[in-house]
Amino acid sequence: MTKSAEQNAQTTPMLDRRDERVKHAEGIGGSIRAFLDRVRSGDLGSLPVVVGLAIIWTVFQSLNPVFLAPNNLVNLLFDCSTVGVIALGVVCILIVGEIDLSVGSVSGFASALLGVMWVNQGWPVAVAILAALVFGALIGALYAVLFNRFGMPSFVATLAGLLSVLGLQLYLLGSTGSINLPYGSPLVEFGQLLVMPASVSYVLAALPGIVMFVLGFRTATRRRAAGLSAQPMSSLLLRSVVITVVLEFIAYYLNLDRGIPWMFGLFVGLVVAMNYALTRTKWGRQMLAVGGNREAARRAGINVRFIYTTAFMLCSGLAAAGGILSASRLASASQQAGTGDVNLNAIAAAVIGGTSLFGGRGSAYSALLGIIVIQSIASGLTLLDLSSSLRYMITGAVLAIAVIVDSLARRSRASHGRA
Amino acid sequence: MDRNQEQSDTREPVLSLRGISKNFGAVSALTNIDLDVHAGEVVALVGDNGAGKSTLVKTLAGVHQPTSGTIIFRGKPVTLTDPSAALRLGIATVFQDLALCENLDVVANIFLGRELSPYRLDEVSMELKAWTLLNELSARIPSVREPVASLSGGQRQTVAIARSLLLEPKLILLDEPTAALGVAQTAEVLDLIERVRERGLGVIMISHNMEDVRAVADRIVVLRLGRNNGVFDPDASNEELVSAITGAANNSVSRRAHRRQAQSGQAPAPEGRQ
Chain P
61 MTKSAEQNAQ
71 TTPMLDRRDE
81 RVKHAEGIGG
91 SIRAFLDRVR
101 SGDLGSLPVV
111 VGLAIIWTVF
121 QSLNPVFLAP
131 NNLVNLLFDC
141 STVGVIALGV
151 VCILIVGEID
161 LSVGSVSGFA
171 SALLGVMWVN
181 QGWPVAVAIL
191 AALVFGALIG
201 ALYAVLFNRF
211 GMPSFVATLA
221 GLLSVLGLQL
231 YLLGSTGSIN
241 LPYGSPLVEF
251 GQLLVMPASV
261 SYVLAALPGI
271 VMFVLGFRTA
281 TRRRAAGLSA
291 QPMSSLLLRS
301 VVITVVLEFI
311 AYYLNLDRGI
321 PWMFGLFVGL
331 VVAMNYALTR
341 TKWGRQMLAV
351 GGNREAARRA
361 GINVRFIYTT
371 AFMLCSGLAA
381 AGGILSASRL
391 ASASQQAGTG
401 DVNLNAIAAA
411 VIGGTSLFGG
421 RGSAYSALLG
431 IIVIQSIASG
441 LTLLDLSSSL
451 RYMITGAVLA
461 IAVIVDSLAR
471 RSRASHGRA
Chain A
271 MDRNQEQSDT
281 REPVLSLRGI
291 SKNFGAVSAL
301 TNIDLDVHAG
311 EVVALVGDNG
321 AGKSTLVKTL
331 AGVHQPTSGT
341 IIFRGKPVTL
351 TDPSAALRLG
361 IATVFQDLAL
371 CENLDVVANI
381 FLGRELSPYR
391 LDEVSMELKA
401 WTLLNELSAR
411 IPSVREPVAS
421 LSGGQRQTVA
431 IARSLLLEPK
441 LILLDEPTAA
451 LGVAQTAEVL
461 DLIERVRERG
471 LGVIMISHNM
481 EDVRAVADRI
491 VVLRLGRNNG
501 VFDPDASNEE
511 LVSAITGAAN
521 NSVSRRAHRR
531 QAQSGQAPAP
541 EGRQ
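The listed protein sequences derive, respectively, from chains P and A. Quick note on my numbering: the first sequence kicks off at 61 and runs consecutively. Quick note on my numbering: the second sequence kicks off at 271 and runs consecutively.
Among the hints, erroneous ones may be present.
[Unchecked claim] Straight-line distance between alpha carbons at most 20 Å, and here's what the computed EDC-like set of lysine to aspartate or glutamate pairs gives: (1) K342/P / E282/A; (2) K342/P / D375/A; (3) K440/A / D306/A; (4) K328/A / D97/P; (5) K328/A / D318/A; (6) K342/P / E385/A; (7) K440/A / E416/A; (8) K342/P / E355/P; (9) K399/A / D375/A; (10) K346/A / D306/A; (11) K328/A / E446/A; (12) K440/A / D318/A.
[Stated by the list, open to error] If you want a taste of the chain A side facing chain P, the calculated C-beta under 8 Å gives, among others: (13) G345; (14) P347; (15) L370; (16) L382; (17) P388; (18) R390; (19) L403; (20) V414; (21) F502; (22) D503.
Because the hints were derived from the structure by calculation, they are not lab data. Even for Gly, the Cβ is constructed at its ideal location relative to N, Cα and C.
So that you can see chain P by itself, here it is in the shape it has in the complex (with noise of 0.2 Å):
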């Protein structure tokens, strides 16, 4: 019975196999090498990122023992978590092919906000913090009209709004120049000290492995029962393993000292949602489609002015929060918050992360690896005691690297036939 269910599957290849001029990747052996394959072609996902992440460690750790330190880790933690909200945001007009050059300007006029309405009116915390959000949307939402509407290049539009937003910050904290937020409040404790206690960290560390097997077994399952070609259960199993170990590690390293910090764990919730929404849903598909042909997009029938909208909406909404959780951070809402190398950076940690400048290509993780980079090496220079003039330049290098790096993988993918 078996015997003869096996010579029919081999007589009847599944659904997606007939074609035998295709080379499928067989195993775990097959998977290296169609991840090689794809590599030489120069569908590079995150793969520059990484190496590019282990070369900077290592020098750093050569130059200074205390880089690689969990003391210095958990830090760098809360310092991604701000800047790596806003970059997330960043990653979403990038994928529709747009740029939002404002979102520095934006998370300082959301902490300004934040300031003058928490601290000066005496609102409660959580209204102005939505108030501040709301803001946020309301700025990207103007972009979107400017853009839909009469068609004014996203670069010219938020290249207006960056001096007008700074402008409004500015105006907001009027002659004073800063506003401290109270120490001890929720908002300065979650930005400066709370972080998790090691059994959830374990827990959490733990659920990305778990979530990732039972979601691809199920999936497995159904392909399998269509008559599909599905993922073997081995490398599945590894692959969770992998990571699992991985994730566990780090959180082990990181009790080591204070833990990981509640805020980065919102940064990487947030991630892990946004990058839901980007592959599992109709409404990430238009967003890249968007990105991809505009002009296809629209003729299938997609609202490409709504794509565009929600783009603009949750980048500068995102920078809102960035900037928000910068100002609790800080326990201040300055006129400096937001200025200087803020834009750059968050811009630098999607481009870096893998998310193509030129639209149609990203992934919500792009923001996390890239703002680790991105930190890692402000982290290090300080740690080497080198002033913001240098590291001002070498952040610049690092950004300029890593634009060359898209652009001739994505002249590598046209001629090797990927998109």
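Knowing the structure of chain P, use the given hints to seat chain A on it.
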């Protein structure tokens, strides 16, 4: 398709146009066009540049609205206010510049704008349906999980046609489906059109290539300067077709044919067909 159905379909066309005119300001792009398309029939729309072929197809796709005249679709007069109205009725259009997203895979392209379960995309069902559609067309697509950028021109045309079939249309409009394709790929697309016809759909196909038109069309409708200028069988002679398209019995093509005939005493048609 069985013969009975074919006969009943022959009596009532899927689509008939009566007196369609379209003016752009002072220019009349279409004047009094009549056209019938039956189920399981490929109608080729030929004509010189500016004859109004594309305008007619855009009118049927709902992109343009006719200035006057009636469109009767499956026995009922209809107005096509916009492209989605045409789609809802069951008129699908494959545009010349395919309109695929190269960064997305085949499944995503076929289901673009019509994804299943919007908050938790049902990838398995979509992939299954994509394979079903492609297999019905006997399409040669190596993998539906590769981005469209990796496909050849003929394969992209296949994906575009498969996508137009997703909503189970009754009529499909193809704007220059074989332009910019190589010999083998053109043959593949022509096979595909025949398979669409076998599914009982009406097909309107615009083409400049007489060879392709003769190969698949059941009837050839000639437009000239926005007017009907004759309906031909696919075995009509090249001379007849060309004179209908150019509007003169004495044109450069016929003069050449007559010269050849006088020399060799042969019929002009085979020469025209090469």
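Quick rundown of the hints versus the structure:
1. For the suggested pair K342/P and E282/A, the alpha carbons sit about 39 Å apart, so the restraint of at most 20 Å is broken.
2. Distance check on the hinted pair: K342/P and D375/A sit about 15 Å apart at the alpha-carbon level, within 20 Å; holds.
3. A hinted pair counts as satisfied when its Cα atoms are at most 20 Å apart, and K440/A with D306/A qualifies at roughly 14 Å.
4. With a C-alpha separation of about 43 Å, the suggested pairing of K328/A with D97/P is violated against the 20 Å cut-off.
5. Taking the CA atoms of K328/A and D318/A, the gap is near 17 Å; set against the 20 Å cutoff, the hint holds.
6. Proximity of K342/P to E385/A is assessed by CA-CA distance (about 6 Å); at most 20 Å being required, the pair is judged to hold.
7. The suggested pairing of K440/A with E416/A is violated, with an alpha-carbon distance near 30 Å, which exceeds 20 Å.
8. For the hint pairing K342/P with E355/P, the CA-to-CA distance comes to about 18 Å; that is within 20 Å, so the pair holds.
9. With a C-alpha separation of about 14 Å, the suggested pairing of K399/A with D375/A holds against the 20 Å cut-off.
10. Using a Cα cut-off of 20 Å, the hinted pair K346/A and D306/A holds, with the two alpha carbons roughly 14 Å apart.
11. Taking the CA atoms of K328/A and E446/A, the gap is near 13 Å; set against the 20 Å cutoff, the hint holds.
12. Using a Cα cut-off of 20 Å, the hinted pair K440/A and D318/A is violated, with the two alpha carbons roughly 28 Å apart.
13. The criterion of a C-beta within 8 Å of any C-beta in chain P is not met by G345/A, whose closest approach is roughly 26 Å, and the hint is violated.
14. Because the smallest distance between the Cβ of P347/A and any Cβ of chain P comes to about 25 Å, over 8 Å, the interface hint for this residue is violated.
15. Hint on L370/A holds. Least Cβ distance to chain P is approximately 6 Å, under the 8 Å limit.
16. The closest approach between the C-beta of L382/A and any C-beta of chain P is roughly 4 Å, which is under the 8 Å cut-off, so the hint is satisfied.
17. Hint on P388/A holds. Least Cβ distance to chain P is approximately 4 Å, under the 8 Å limit.
18. For R390/A, the interface hint holds, the least distance from its beta-carbon to any beta-carbon of chain P being 6 Å, beneath 8 Å.
19. Checking L403/A against chain P by beta carbon gives a least distance of about 12 Å; that is not within 8 Å, so the hint is violated.
20. The criterion of a C-beta within 8 Å of any C-beta in chain P is met by V414/A, whose closest approach is roughly 7 Å, and the hint holds.
21. The interface hint given for F502/A is violated, since its Cβ lies 32 Å from the closest Cβ of chain P, which is over the 8 Å cut-off.
22. For D503/A, the interface hint is violated, the least distance from its beta-carbon to any beta-carbon of chain P being 34 Å, above 8 Å.
Checked against the numbered hints above, the structure violates hints 1, 4, 7, 12, 13, 14, 19, 21 and 22; every other hint is satisfied.
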